[in-house]
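The primary structure of each chain is shown beneath.
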Amino acid sequence: GDSVTQMEGPVTLSEEAFLTINCTYTATGYPSLFWYVQYPGEGLQLLLKATKADDKGSNKGFEATYRKETTSFHLEKGSVQVSDSAVYFCALLPGGGSYIPTFGRGTSLIVHP
Amino acid sequence: DTAVSQTPKYLVTQMGNDKSIKCEQNLGHDTMYWYKQDSKKFLKIMFSYNNKELIINETVPNRFSPKSPDKAHLNLHINSLELGDSAVYFCASSQDRGGKSYNEQFFGPGTRLTVL
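Listed in order, the protein sequences are those of chains A and B. Reminder that position 42 of the first sequence reads as 42 in the working numbering, one-by-one numbering, no gaps. Reminder that position 101 of the second sequence reads as 101 in the working numbering, one-by-one numbering, no gaps.
It should be emphasised that the hints constitute simulated quantities derived from the structure, not laboratory data. A virtual CB, placed ideally from N, CA and C, is assigned to each residue, including glycine. It is possible that some hints are incorrect.
As a list, the in silico DSBU-like pairs of lysine-lysine whose alpha-carbon atoms are at most 30 angstroms apart [to be verified]:
#1 A:56 x B:44
#2 B:41 x A:68
#3 B:22 x A:68
#4 B:41 x B:22
#5 B:44 x A:60
#6 B:41 x A:52
#7 A:60 x B:40
#8 B:22 x B:40
#9 A:60 x B:41
#10 B:44 x A:52
#11 B:40 x A:77
#12 B:41 x A:77
#13 B:44 x A:77
#14 B:41 x A:56
#15 A:60 x B:9
#16 B:36 x A:60
#17 A:77 x B:36
If we take Cβ atoms under 7 angstroms as the criterion, some of the chain B residues that face chain A in the derived model are [as the list claims (entries may be wrong)]:
#18 48
#19 70
#20 90
#21 104
Residues on chain A that point at chain B, a partial pick, calculated with CB under 8 angstroms [to be verified]:
#22 39
#23 43
#24 45
#25 49
Excised from the complex, chain B in its bound form (with noise of 0.2 angstroms):
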């Protein structure tokens, strides 16, 4: 039983292409996440929705944007896919007890994203 799974596992695309991951988690979180994480390690949020809101780091490119059809998935859209963008993307989720913040994440396996 897999808790929050992605697909695809390995994205290979050309510049300027369109592609989309998907996340869903089977955990009845109300708290979705996109992390993207670079050569180094880095782990930078990227976006965080639940029912009320999505949050948006406000450094992350408007090529990038979160679909949410229901309260178990979070997909992610990336339109003109640059270089940059190569990195492996982690979607999370994590229950928020409104007003409680001690909750952990629970990550994908992420999706490795390889633009030439």
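Just chain A, with the same shape it has in the complex (with noise of 0.2 angstroms):
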């Protein structure tokens, strides 16, 4: 079946620092990417999104590149904040037209200021 791995956290940073959490998956077809943000005391929130190979995620500064080769969407920040504290969940939604979805672990980012 299809899964989802992501890197365990806590991840821990000082504020401004780069940001990478890493996301493999294995799906059959073609599925579309996605990760999420939960912000303590809340709901989960689509920050970015993929739909095919090749294509590049970008929300509030996040990137994530959307690669087959590698079954790969890591998760990327150039300088984060103290406001980006939360926990990342990387998903897939696999082809086919199903809409039942699959999701990482989840990784906790904590940044220091």
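Dock chain one against chain two, each of which comes alone in its own frame, and use the hints as you go.
As structure tokens, this is what we get:
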């Protein structure tokens, strides 16, 4: 079956540091890929997405590129802020019309001033 | 304008009780979901439901049942609550465009259930 693997957290960084959160996936067909963010005490919200190979999703300074050859969708940000502290989830939607997503286990990011 | 809303936000109850959590979405979406998030933030899909079908995660105990009075609502009913049911429950919705599977999910704020 489909699966999503994320690096374990917590990831602890100082403000303005560079962020990478790794995400790799296993899926049949051509999935769409997503990053969701969950701030403390809230529900998940979409951060960015990519629907086909080599697409780059971006939002709020975060970026991720859909790499079919390495089955990866790593999340990056050049300069993190304290307000980026949250849990980040990588997810996929399989191709073929299925609307049941597969989520990774989440990676907690803690940014210190 | 809250897109996906849940009530209550907090629910504290005794073992053995029956409780319901309500969910409403005003996005006009045709698919709704229930997720359980444990203390380690692991997100597990419990149900997905649209006009055509209910898909149940086979690992979900049959004490849990979704009830959809209409397209905009999907409530979660739990019978005979157990300690292990303590978690945060999230409702979500998405638009299934019949063959186009790129649609993101919109999540509610969550209901923190504590079973004593």
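Quick rundown of the hints versus the structure:
1. A:56 x B:44: holds (27 angstroms)
2. B:41 x A:68: Holds. Residue 41 (chain B) to residue 68 (chain A) sits at ~27 angstroms (cutoff 30 angstroms).
3. B:22 x A:68: Not satisfied, since the Cα-Cα distance of roughly 39 angstroms exceeds 30 angstroms.
4. B:41 x B:22: With a Cα-Cα distance of about 22 angstroms, the restraint between residue 41 (chain B) and residue 22 (chain B) holds, given a limit of 30 angstroms.
5. B:44 x A:60: Within the cut-off at roughly 27 angstroms; holds.
6. B:41 x A:52: Distance ~28 angstroms between residue 41 (chain B) and residue 52 (chain A) Cα, so the pair holds.
7. A:60 x B:40: holds (26 angstroms)
8. B:22 x B:40: holds (24 angstroms)
9. A:60 x B:41: holds (23 angstroms)
10. B:44 x A:52: Since the Cα atoms of residue 44 (chain B) and residue 52 (chain A) sit roughly 25 angstroms apart, the hinted pair holds (cutoff 30 angstroms).
11. B:40 x A:77: holds (24 angstroms)
12. B:41 x A:77: Holds, at about 22 angstroms.
13. B:44 x A:77: Distance ~27 angstroms between residue 44 (chain B) and residue 77 (chain A) Cα, so the pair holds.
14. B:41 x A:56: holds (27 angstroms)
15. A:60 x B:9: holds (28 angstroms)
16. B:36 x A:60: Within the cut-off at roughly 28 angstroms; holds.
17. A:77 x B:36: holds (29 angstroms)
18. 48: holds (6 angstroms)
19. 70: The hint is violated - residue 70 (chain B) has no Cβ within 7 angstroms of chain A, the shortest such distance being about 19 angstroms.
20. 90: Given a least distance of 6 angstroms, the restraint on residue 90 (chain B) holds.
21. 104: Hint on residue 104 (chain B): holds, closest Cβ of chain A at ~4 angstroms, below 7 angstroms.
22. 39: It is violated, given that the least Cβ distance between residue 39 (chain A) and chain B is near 11 angstroms, above 8 angstroms.
23. 43: With Cβ-Cβ at 4 angstroms, under 8 angstroms, it holds.
24. 45: holds (7 angstroms)
25. 49: With a closest approach of 6 angstroms, the residue 49 (chain A) hint holds.
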